[in-house]
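Line by line, the protein sequences are chains F, Z and X. Sequence positions in the first sequence follow this note's numbering and run 1 to 261. Sequence positions in the second sequence follow this note's numbering and run 1 to 261. Sequence positions in the third sequence follow this note's numbering and run 1 to 261.
Wrong hints could be hidden among the right ones.
What follows is a list of derived Cβ distance ranges for each label pair [claimed, not checked]:
1) Asp251(X) <-> Ile228(F): 36 to 42 Å
2) Arg232(X) <-> Lys235(F): 45 to 51 Å
3) Ser230(X) <-> Asp213(F): 26 to 32 Å
4) Asp72(Z) <-> Glu65(F): 40 to 46 Å
5) Arg212(X) <-> Ile228(F): 26 to 32 Å
Hints were generated in silico from the structure; no laboratory data involved. Just so it is clear, CB atoms sit at the ideal spot from N, CA and C, and this is done for glycine as well.
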Amino acid sequence: MNNSDTLDKIRYGKKVQIGDNVKLRGKIDLGDHVKISDNVIIYPNVIIKDNSYISPGCIIGEPTEDYYRNNDHPFKPTIIGNGSIIRSGTIIYEDNTLGDNLQTGHNAIIREGSKIGNKCNIGSFTELQPNVYIGNYVRIHSKVMVGELTRIEDFVWIYPHVKITNDRYPPHRDFKTVTIKKYSQIGAGSLILPGIEIGENAIVGAMTVVKRDVKPERVISGVPGRDICSIRDLKDEQGNMIYPWKDHLKDYRGYPWQETE
Amino acid sequence: MNNSDTLDKIRYGKKVQIGDNVKLRGKIDLGDHVKISDNVIIYPNVIIKDNSYISPGCIIGEPTEDYYRNNDHPFKPTIIGNGSIIRSGTIIYEDNTLGDNLQTGHNAIIREGSKIGNKCNIGSFTELQPNVYIGNYVRIHSKVMVGELTRIEDFVWIYPHVKITNDRYPPHRDFKTVTIKKYSQIGAGSLILPGIEIGENAIVGAMTVVKRDVKPERVISGVPGRDICSIRDLKDEQGNMIYPWKDHLKDYRGYPWQETE
Amino acid sequence: MNNSDTLDKIRYGKKVQIGDNVKLRGKIDLGDHVKISDNVIIYPNVIIKDNSYISPGCIIGEPTEDYYRNNDHPFKPTIIGNGSIIRSGTIIYEDNTLGDNLQTGHNAIIREGSKIGNKCNIGSFTELQPNVYIGNYVRIHSKVMVGELTRIEDFVWIYPHVKITNDRYPPHRDFKTVTIKKYSQIGAGSLILPGIEIGENAIVGAMTVVKRDVKPERVISGVPGRDICSIRDLKDEQGNMIYPWKDHLKDYRGYPWQETE
Chain F
1 MNNSDTLDKI RYGKKVQIGD NVKLRGKIDL GDHVKISDNV IIYPNVIIKD NSYISPGCII
61 GEPTEDYYRN NDHPFKPTII GNGSIIRSGT IIYEDNTLGD NLQTGHNAII REGSKIGNKC
121 NIGSFTELQP NVYIGNYVRI HSKVMVGELT RIEDFVWIYP HVKITNDRYP PHRDFKTVTI
181 KKYSQIGAGS LILPGIEIGE NAIVGAMTVV KRDVKPERVI SGVPGRDICS IRDLKDEQGN
241 MIYPWKDHLK DYRGYPWQET E
Chain Z
1 MNNSDTLDKI RYGKKVQIGD NVKLRGKIDL GDHVKISDNV IIYPNVIIKD NSYISPGCII
61 GEPTEDYYRN NDHPFKPTII GNGSIIRSGT IIYEDNTLGD NLQTGHNAII REGSKIGNKC
121 NIGSFTELQP NVYIGNYVRI HSKVMVGELT RIEDFVWIYP HVKITNDRYP PHRDFKTVTI
181 KKYSQIGAGS LILPGIEIGE NAIVGAMTVV KRDVKPERVI SGVPGRDICS IRDLKDEQGN
241 MIYPWKDHLK DYRGYPWQET E
Chain X
1 MNNSDTLDKI RYGKKVQIGD NVKLRGKIDL GDHVKISDNV IIYPNVIIKD NSYISPGCII
61 GEPTEDYYRN NDHPFKPTII GNGSIIRSGT IIYEDNTLGD NLQTGHNAII REGSKIGNKC
121 NIGSFTELQP NVYIGNYVRI HSKVMVGELT RIEDFVWIYP HVKITNDRYP PHRDFKTVTI
181 KKYSQIGAGS LILPGIEIGE NAIVGAMTVV KRDVKPERVI SGVPGRDICS IRDLKDEQGN
241 MIYPWKDHLK DYRGYPWQET E
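Bound-form chain F, shown alone (with noise of 0.2 Å):
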């Protein structure tokens, strides 16, 4: 509202497309083949590269609080990378740095201050707070909650209704990041209590309450978790190993140790 649409500092890449209702709002640079659909808001300093298709009633920059009580508000730089599908709905705030081929399921809000590397997937009504650090290949499924200053490394899956905490005194706001190292797996439902690191390649099953730090390659599971045993021990109705998952996954599910098939 207090930044008129001021097209002159727009640049448009090659064959860029924009649809009915859009508000390109300031210093905005789209690179080529960009899409932009209807009833589309971007605040200034966003840079959304080559091949992005951004959908209807996406916000991309929105602005922090600050907005509201200063008339000046200076926006940080938002930069979504190529290839990226940023499904309907979805709000990106402003001084975020996200990789290319990001996909967002619908209505996705991803908080200022954050990182995301790239081939990430983040679900529909996932919600990740402020100055969270998200490597590559990671999944994120639905309706998460992603705590401020969460780290999440490359190949981890996290599945709906996650909840990853911060503030171990609340509402003293004293934060201790979770961190969640490679290939790990978080079940559905599950919470994991501020400060906590899980382990490379563990696993921890739905539903349950991490109260403590999770070694690599074990299997937690219950309220609170209690580790039940090595990934190594579960094996598949034909007794065959599927974990580590790395090296038994058949389904060609876009993991660059399989783009030779």
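Assemble chains Z and X onto chain F, guided by the hints.
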């Protein structure tokens, strides 16, 4: 975006009302007295039957991921039954057959490949993953996750924040169908593991983790869920039986066995 | 749809700003310096007081189900207090009285018949069911479900994914009010059963299932929730008392007892 608005392909029933900033993107069939509110987007191959109401900001016929790669994406048919009320922000993917008198809450998501019977409610922020089967008179409250392949029979109630899972060995996609039989009640916040069957008229207490099949007319509760009693042991404050609820529900809630009132 | 845009019935305060594609559907009162962003819909009988900001895509005065059956649906009054920030996609039903300096997250839903005091926050995707009472300085985080009839007193904090229930014998609608007394903290993912009272300054740990009343100043945790200790037994790493938090919160968080800073 890659479908121009081709108004000649639209069939309008009698007294159709169309709001402002509505996008009708191809071959669409609108029954008598259909109302399409402002800011709605309807993709090709959608049929909306008589007397249905599509609220502001809904997207009907939302394409699957192929759309973003394929300029000639073939839209599969999507049907919304008579007298439906689709509340604001609801997203219904292509390739769905939805019965009469469907109601959705706000921002519900119905992914592709599903079949829903008559007189169902799908709550706000609830998400049906692909290829779900839902019978008649099913009521699913807010923020529920219904996993791919789930089968829900007639007259089932599912309360807020329930999670119905499907993958036994994530991320291998070794999907096993969860089946919820007639008249069952799934308490708020519960989680059902892959492949589970919930028997007719069973009650799953709030925040239960269902790891084993539930027999008909049993009450289960806890983490993990344990068998507590028969539903016939539950009484109200006056000592009256209240289950099976079909036999004891006093208020008219629109059920067919009550329509003689 | 069945209310034409009757601009003559609108009262505009001084320096009101109205975005594009805004629908003002009847008798509406906009205070001084009110800003209505793009794509907002406001139904009849809404009062928005001075200096409030309605973000893109919000719906204010959303009608109850009667609207879809009744061409003369009478809209009950909806009031939004001074200096409120209503973030994008929020839906506020008719028949609500919301105090000053309300903030909502994105896509919050406030159903009909509720009263909210001053300086409250209602988080993203959080849903207040009908007929809720909320005091002053209450902070409800994201994806919370607040059941019908819930009472939440001043200075309460509710963290993400909390579920406050109400129906003892579903689906009989035998509603019992949950009451949460002043200064209490309800941990992420917790569920409160119908009719429970949480005492003043109590702390409910994360993912707790509250089946019994909680006495003032007690900490409870677990499934089912068990009494752990007094809040006065909780200390920070330096051994300092940190609860009751009102007496120990160091950061200025906008509380009235800190306004002398």
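Verification of the supplied hints:
1. Distance hint for Asp251(X) and Ile228(F): a CB-CB separation of about 40 Å, consistent with the stated range 36 to 42 Å.
2. Distance hint check for Arg232(X) and Lys235(F): the Cβ-Cβ separation is about 50 Å, which falls inside the suggested range of 45 to 51 Å.
3. For Ser230(X) and Asp213(F), the Cβ-Cβ distance of about 28 Å falls inside the hinted range of 26 to 32 Å, so the restraint holds.
4. For the pair Asp72(Z) and Glu65(F), the supplied restraint of 40 to 46 Å holds, since their beta-carbon distance comes to about 45 Å.
5. Checked against the hint of 26 to 32 Å, the C-beta distance between Arg212(X) and Ile228(F) comes to roughly 30 Å, which is consistent with it.
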